[in-house]
Structure formats: C-alpha cells, structure tokens
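With chain A held as given, fit chain B onto it using these hints.
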Amino acid sequence: MISGSTRLAGTLQEALDAATDPSPELLDSGRRARTVPLRQPPLDPEFVERCRLALARLVALEDEGVIAVCSARRREGRSSVAAALAVTLARGRAEGRVLLLDLDFGHATQAALMSVAPSPGLADFLEGRERLRLAAGGPNRQLWQIPAGIHLGDRLRLFHALTGEALLPVFRQKFQWVVLDLPPLLGHPETVPLVRSVDWQVIVGRHRRTMVADLREVAEIIGGQKPCGFLLTGDSTRIPALIRRLL
Amino acid sequence: MLHRALDVFFQHMLRLVGALVLVPLGVSAVGLAFDHSLTVEARVWADKPIFTPVFATDRFTSSDPPAEIEAGILRELLATSVFADAVLTRVESGYANASPTDRGSAAADLRRNVSVATEGAHLFTISYRTTDSDRGRSVVNAMIAAFGTEVQAIDANQVSVSQAALKSQLDLAQFDMNDALRQVQTYQAQHASVFNDPTYQTLLGQAQSKTDLYLSLQARLDEVRGSQAAVSVTQSSFFHVVDRPFVVPLTLDQHAPAVKYALYALVGIVAAEALFVYVIARRDPRIRSVQDIRGAAGLKPLGSVPVLKRTQ
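Chains A and B, in that order, are what the protein sequence lines are. Read in order, the letters of the first sequence are residues 1 to 247 in the numbering used here. Read in order, the letters of the second sequence are residues 1 to 312 in the numbering used here.
It should be emphasised that the hints constitute simulated quantities derived from the structure, not laboratory data. Be aware that a few hints might be false.
What the hints assert, rightly or not - To give an idea of the chain A side of the interface with chain B (calculated C-beta under 10 Å), a few residues:
1) VAL48
2) VAL202
3) GLU217
4) GLY234
5) SER236
As the list claims (entries may be wrong) - Quick list of the computed label-pair ranges, beta carbon to beta carbon:
6) ARG286/B / GLY224/A: 20 to 28 Å
7) ARG286/B / GLY187/A: 17 to 25 Å
8) PRO193/A / PHE10/B: 39 to 47 Å
For every residue, glycine included, the Cβ atom is placed at its ideal position computed from N, Cα and C.
Okay, chain A solo, but in the shape it has when bound (with noise of 0.2 Å):
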C-alpha cells in the first residue's frame, strides 16, 4: 500500500518531471504541467551585489541546496532578498536549475515580483485544485519559480505537507538550488519545523525597524543547528564609507 504522503510526493515528482523534462508522450496528450515564462525581478543592481556577497559568506564553495530565507515580521524586505538570491544563484553558481519558492501563503509577493499570475500555485497544486504551474526564465532558463497561489484550506496543511510529507527532497532532487521566501517567523510557528530542514537560514532585519528582541527570539526558535547568518536590508546609514572601513 502505497501512503499519503509517498503519493503527494510521486504526483510532485510527476508534476516537476512535466513541467521541467516533459517527454514526447506528455507533449502530445497535452497532460504537460503548465510552464509560463518568468521575467528578471526590477531589483537594483547593487541589492542583487551585495546579496551575492551575503550568499558567499553564508554558503562558501557548496554547490546545491536548499536556503531559507525568514523574517521576525512582515515587511523586512525578504521576498527582494529571496529573489535576489535566487537570481544570483542563477546567474552565477548554478549550472542547473535554481527553484524560488514562495511559501508566504496568503501575502505572496513573488509572482508579482517576476510578473507571473499568482495563482495557481503551490497551495492550488497541494490542495488538489489545480495541476502544479511553474514559471522558468533567466538565462538558459534556470531561475524558476512556483508561486504561493491561493489557498482555501488551513495553512497548517500546507507546510505539514512540505515538511511531514516529505516534499523538500522532491524538490532538492529536480533542482541544484531551492530558494524558500517564507513568512515571518513570529506568528507562523509552522513554518518552524522547515526551517530547521534546510541546509542554510538568512535571517533579514530592516535597519532602523526590526526589534533585535525580535531577531534573538528568532535566533532562539531557529535553534542554531544548521548555518545561519543575518544580512541587514534598507540600509540607509549614513556613515561615511571611510569611516566604516575605520571600524
């Protein structure tokens, strides 16, 4: 008897082997997974810099992955630091594919972000609704994407299926990099459990807004077993760079 769980996985996998490698067979029967073309996020290039000098010091010379990146609260800039990793991950350090993962079910900004449809997305696919839509573009299409999408039932659900259900590896087998955009941490303790499954956490704090309070108590939740850095989003210190290569 084949479980659950081992079922939603296989229909992952099936969904991701139409979307990415559909064989002549799923072409003709018109059953591919629906693939949209994914354009560059508007990000500033030094943002996407600097986030690639973030990336290197978080994951050194590895070459694949999983990488989450979480906030204590909303609106600390995670999403633009998710998808600037992911591109950079894309432009530079992957020769396979490099997934952006929107799990902030309920306030997803990455299909906005990339000009796709929000929905269907994940939350669509693993509820049953819908068949798995996924958005591929950047150079030799490597940046994809799978948008939240919209979801009717308990969110709980959806991140007890990607963690109890063992959907990340799925991922992990299709792509050489997986780029989670999660919901901030304080008030989503269920998004704790997958946290603690990635190989590597950014934590992301506004300057001049997010409580370090906050900050500690995520650094409590997260645990501290896997590699974990902090990466400073709006910047808008004014201290002059001399004095800064002072310090």
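Leaving out everything else, chain B in the frame of chain A:
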C-alpha cells in the same frame, strides 16, 4: 555601541549641525540685542628708561618687551586687594566706608570687567567694560594713576630697604675702622720705633682694609640715595599715557556678553547633543547596525543591502 552612536549621529546630522550653528547664533543675537555695555579704553606707552636706578626692581633688566613687562605688572597688581582698593577709592567716594562684602563685590566686578592687552612691544591697552561711559573713564584714569603710584612705591620701597641695609653695614664698618685706627695709634705710642715692626705693620694693614670697606659702603650708599631720587624722576620716561580713556566702537571680543553667551550655548548644545546621541544609541530597541546582531543574537553577519530601488 560605537556603530549605533555613529548611525544615530549621521541619521540626525543635519539637525544636530543645524542646532549647533543656529542656537549659539540665536543666543548671540539675543545677547547683542540686550547688551548695552560699552568699552572704555586707554593706550599706554611703556619704555625702558635710559637711566635706570640701580637699586630699583629688576624689571628693567628683563629682555621682554616693555609693554609685556608693564602689562604683566598691572595684571598682577589688579589681582591684589590693595590695588583694587586704591582704584575704587579714587572712583567712588563712599568706597572707603563701604562694608567688606560690598568692597569685595566691587573689586570682583572691577577685575571681571578690566582687561589688559599688549599691542606691540611698547603699547598696551587698559580696557574696562561698563554701561556708563563716564564711570568707565574714571575707572581707567584711576587705574593708570594707581598703577603709576604703586609702581613708584614698589621701586621706592626697594631702594629704601637697600638704603637701610647699607646704612647698618656702614655703621658697623665705621666702628670697625675706628677701632682698628685706635689700635694702630695706641701701638705707635707704646713703642719708640715701629718702622720695621711686623705687629705694627699688621695692625696698619687691618686699619687700611677696614677703611677701604667703609669707603666702598659709603660710595654704595651715596648711589642708593641717588637711585631714590631717580625713582620718581624716571617714572615718566618708562610709563606714560598715549591715548586718554575713550569709548571704543562696538566690537565683539571674547569678553562681550553676546560672545560669552554664544560660547556657553555652544558648549551646552554640544553636551545636549552628545547626551541625545548616547541615549538614542543606548535605548533604541531597533537594529541599527549589523554588529548589533552578533552581540544580541549570536548570528553571523552577512552584510547589508541598501534600500531597494526597483528597476524597470
């Protein structure tokens, strides 16, 4: 902490610098508006006399410029209550009968408002800040007069002390000389022939040297008496007023209330701003630098990204 303080400072830099400039300027403007004081000034010429009394004070042998010497003496005298009393007694008729408290406060007021400055090697100025020009002129005139009297008194005292000391030495030398001569005469009367007598020759030599000592002391005493007369005569040659006290047109110097209040405001605003930066850096619970997070949460800093500007 340093990163946070710098971030706070540069975040509010325009306001902080603005306050640093505008507040002292405002205070200075208010000070100018309410300040009705004026400065009365006199210029005095100082010179080294061609004839210098030998037994006067040693200031004439100094290599410093005469203006520096005289201005220095005036500043030192100003710090003494005797000189302040001498000046104020000349200015205010009731000063001598005033209570010690009133006299003390009047003397302190005099010292606070008087300034002595040199203008080159020979010229020095005596300035007095007041709201009453007539009183200002009186005070400066009184200071000049009291200064002349006091300097003369110092020199005269020096000479008198020297004269007294020399006089006592001279009396002693005269006694010794008379005694030695008497011994010579007595010895000569007791002996028939003293021409080659060694004792007689010794007594004669002693009498001779004591006479020489007496005569040299006598000469020095005459010199001192000459110096005593010269002290009063030479006064006009090393110290005389070039410009009588006059009201100076409005100028801003470090003694002007507007400038003083502006400096106080500057110091105050610097202290207040330092406190502001310290308190904000210390108490603001938000993250201000990547370094904050290393200490607070033990996370590895990955750097920072600027404020996002979306490109089309």
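To see whether the hints hold, each was checked on the structure:
no.: 1; hint: VAL48; in the structure: holds (9 Å)
no.: 2; hint: VAL202; in the structure: holds (7 Å)
no.: 3; hint: GLU217; in the structure: holds (9 Å)
no.: 4; hint: GLY234; in the structure: holds (5 Å)
no.: 5; hint: SER236; in the structure: holds (5 Å)
no.: 6; hint: ARG286/B / GLY224/A: 20 to 28 Å; in the structure: holds (23 Å)
no.: 7; hint: ARG286/B / GLY187/A: 17 to 25 Å; in the structure: holds (18 Å)
no.: 8; hint: PRO193/A / PHE10/B: 39 to 47 Å; in the structure: holds (42 Å)
Every hint from the earlier list agrees with this structure, and none is contradicted.
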